[in-house]
Amino acid sequence: MRKVLALFFLLAFGLAQQEVTLLTHQSFSLDKNLIAQFERETGLKLRILKAGDAGETLNRAILTKGAPIADVLYGFDNTFLSRALEADILVPYRSPEIRNLKATLLLDPTFRALPVDYGWVSLNYDKAFFKDRPLPKVPQDLARPEYARLLVVQNPATSSPGLAFLMATVARFGEDGYLDFWARLRDGGVRVAKGWSEAYYTHFTLYKGDRPLVVSYTTSPAAEVYYSEGRYQEPPTGNLFPELAFFQVEFVGILKGAKNPEGARKLVDWLLSRPVQENLPTEMWMYPARRDARLPQVFRFAPEPLGSVRMDPKAIGANRERWIEEWTKVVLQGQSPEAVRRGRR
Amino acid sequence: MARLAGGVVLLFLAFALFYPLGRVLALGVGEGFALALANPYYWERYRFSLAYGLLSAGLTLAVALPLAFVFRRRFPLRGLFLALSTLPFVLPTPVVALGFLALVGPRGLLGLDLYGTLALLLWAAVFYNLGLALRVLLPVALALEGPLQAARTLGATPFRAFLRVGLPLLLPAIGGAGLLVFLYAFSAFGVPLLLGGPRHATLEVEVYTLLAYRLAFPEASALMALQILTLGLATLLYLRLRPFPLAPGEVLGGGGWGRALGLGGFFALLYAPLWALLAGLDLEALARAWTSEAFTPLSLALVNSLRFAFLALLLVLPLGVAYGVAARRSGLLDLLGLLPLMVSPVAVGLGYLVAYPGLRGSLFLLLAAYALLAYPLLARALLPALRSLPPSLQEAARTLGATPLRAFLRVELPLILPALASGVALALATVLGEFGASLVLWRPEWTTLTLAIYERLGRPGEGPFREAQAAALLLAFLSGLLFYLLDRGRGRWG
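Protein chains in written order, with our numbering: chain A, 1 to 345; chain B, 1 to 494.
Wrong hints could be hidden among the right ones.
What the hints assert, rightly or not - Here are a few chain A residues that face chain B, going by a calculated C-beta distance under 7 Å:
id : residue
1  : T64
2  : I69
3  : T158
4  : D210
5  : G334
6  : S336
To be verified - Take a look, some chain B residues computed to stay more than 10 Å from chain A by CB distance:
id : residue
7  : F12
8  : R47
9  : G108
10 : P218
11 : A272
12 : G331
13 : L335
14 : G358
15 : L473
If you're looking for bench data, these hints aren't it; they were derived computationally from the structure.
From the three backbone atoms N, C-alpha and C, an ideal C-beta is built for every residue, glycine too.
Could you build all of it, start to finish, from the sequences and the hints given here?
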């Protein structure tokens, strides 16, 4: 028996152990034991390549179209879905796991991009700061000077939560209104940080900053409890304005020209399998796409927001660059919303 | 031999810089080029970069020059202070920003909000670049003793000797140090942005955004052309400063505890942001981070950092020396050698992907990227020493029958060892400071200390935040130690 097993292992690993390569963003993280189990069961060596944030990662995949640097791409979201599909870098794959996924997440009818997880970019507030002070009541209140100077956002040109928040304001205030909203935020003293880490760890009041309102995720309060080593029983932060929360879905796809298409399919199935889906909430702080995946305890502090912004990927694809450009003109270059709107025609 | 050395450097540059960069620039032919140059917003960014670069260089020199003279003498803890001066060079920008804001941010310890002020930006510039300038100036400052003595013997007052002899001899080193600081500050990526908000973005930040997020190659090419033109012009100006051959000097005696105390006070003030970070040190967090399950354990990250630093050194050392030998008498090569510091790393990184898809995620490419960014610094420290060697040394050795290589190895190399040690320290700092990893795809098992810090700063929560702080202090300590060891060695050689 032992000999048979040894021979089996030799066949599985010793003889030309095949590789499968996953290109992903810097936030990718899964339990090491799960990865080891995948390698054991498939006989494949999983090679993970990280390439900056979600947008940068997708762009690197697009740039290397034809001579792909990986077999599977994971981590591009609905704000970049249309770019990924138009660039024609992915091949369709009808994974047997699709029937286990939440149907509302299947945003690509061609099955080139399959949903792995989802979540919301959302405003967080520092509970201690607002203990004796009133919170803003409606999203419009944010633009009032007394709140604008309490808010830190990320630059949508360099940050994916920043872009999501910008799009939430477009959805809420309309194509004409959003620039006025941002102009008032600008005049009121909103702070713009480069990325999420800077906004959260240097400007948010929870960490010695002076801004008690920050653009983050609906799961951040739960993560605060999880990583507090028992210091917090309740989150020190809360979510504000579900109607400004922006719905994000992260996708996986097999790259056109993948060297190991068979392994790529196995990798996709594995990412959609229940063990991985139940592991990713406390690793990447997103909600699993599988219907039957159980959420960890700590996610009771991360309820799904009602009435959040869900935007059509096509509409995002058609307007994303223009929104970023117009936002830059108003907020960073100080132009008037009227002038920017005139420039559209 | 110089020709052979030049060939080696050019071959490396062709592989690691010209070809990949060319591939990216070739993607940048289009109407966006002219459009970007017509956009007043980019010119505003350009003006800011220029102003920040010039002010940083001027201020850093103003501090580094007197300091170089203080370090000419032996005094207690001299090696420690020298090591200290280059310490911030390796620290990741978000961590340094955290330190500055903890001290003089909106809710800082001092209760003085300097966020977004020019004072804070320039403080950060000196904080980062002082060690760099000092390391270029010091070898020349030491070599001045002979000529200064001669001037004094001939009856010049100390002031006059400095003005008429010291200063002109120092000028090339001043130019070199100023140029390096200008190169770094002009294309600073994060520091002014993090400490001053988006109004303080440099042109480099715009290039990064255009390339990495928008794939807008024509616009990016236009801005890169502007960058290279500016920095190339600055380099040409510097190359006009002809260095004088100076014999390497020794550290002088005569400094006492007074010097040590004064320097201690100076560094205590300059590094106040680091003390603010240190105040947040949490040994428990360090212990947790060391064996972390949720993130890359620091035990692994530390090993990776050291491994890559020393592996890269294997490439950097021969390249830097070859470059020094080749460029000691060639201005053109000197200009080429500084090119890696002038081009946007992200452009080179994307170029690697396009040019060498087969090398994706390969250790070799990572090391080549490290080498590309580190060897110019080693060479910068080496060149003044090489150029100060009189040609007669080589000639004498050759007359006595040595081959050119043997003459170099046995006669010249021992003479430039102190400069080499300080160059190695700078190169190691560059690698530890992680510029290379942003160039290429990296693998989780390669996570270095710097990347381990970013990894933790990417998750919300007190635990990751404290672990990141602890990791930053570990990195600072490690680099301080490396410099201390190298400088101690240097004391013996010098």
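So, going through the hints one by one against the coordinates:
At its closest, the beta carbon of T64(A) sits 5 Å from a beta carbon of chain B; the interface hint therefore holds under the 7 Å criterion. For I69(A), the interface hint holds, since its Cβ comes within 7 Å of a Cβ in chain B; the closest pair sits about 4 Å apart. Checking T158(A) against chain B by beta carbon gives a least distance of about 6 Å; that is within 7 Å, so the hint holds. With a cut of 7 Å, the hint placing D210(A) at the interface with chain B holds, because the nearest CB-to-CB distance is about 3 Å.
Given the 7 Å rule on beta carbons, the hint for G334(A) is violated: about 10 Å separates it from the nearest Cβ of chain B. For the restraint placing S336(A) at the interface with chain B, the shortest Cβ-Cβ distance is roughly 15 Å, beyond the 7 Å limit, so the hint is violated. The non-interface label for F12(B) is consistent with chain A: the shortest C-beta to C-beta separation is roughly 23 Å, beyond 10 Å. Annotated as non-interface, R47(B) keeps its C-beta farther than 10 Å from every C-beta of chain A; the closest such distance is 14 Å.
Not every C-beta of chain A lies more than 10 Å from that of G108(B), the closest at about 8 Å, which undercuts listing it as non-interface. Listed as a non-interface residue, P218(B) keeps its Cβ farther than 10 Å from every Cβ of chain A; the least gap is roughly 14 Å. With a least beta-carbon separation of about 15 Å from chain A, A272(B) lies farther than 10 Å from that chain, consistent with its non-interface assignment. Here G331(B) stays apart from chain A, with its beta-carbon at least about 36 Å from theirs, past the 10 Å limit.
With a closest Cβ-Cβ approach of about 30 Å to chain A, L335(B) is found to remain outside the 10 Å limit, as its non-interface label requires. Annotated as non-interface, G358(B) brings its C-beta within 10 Å of a C-beta of chain A; the closest such distance is 8 Å. The non-interface label for L473(B) is consistent with chain A: the shortest C-beta to C-beta separation is roughly 16 Å, beyond 10 Å.
Hints 5, 6, 9, 14, counting from the list given before, are not met by this structure.
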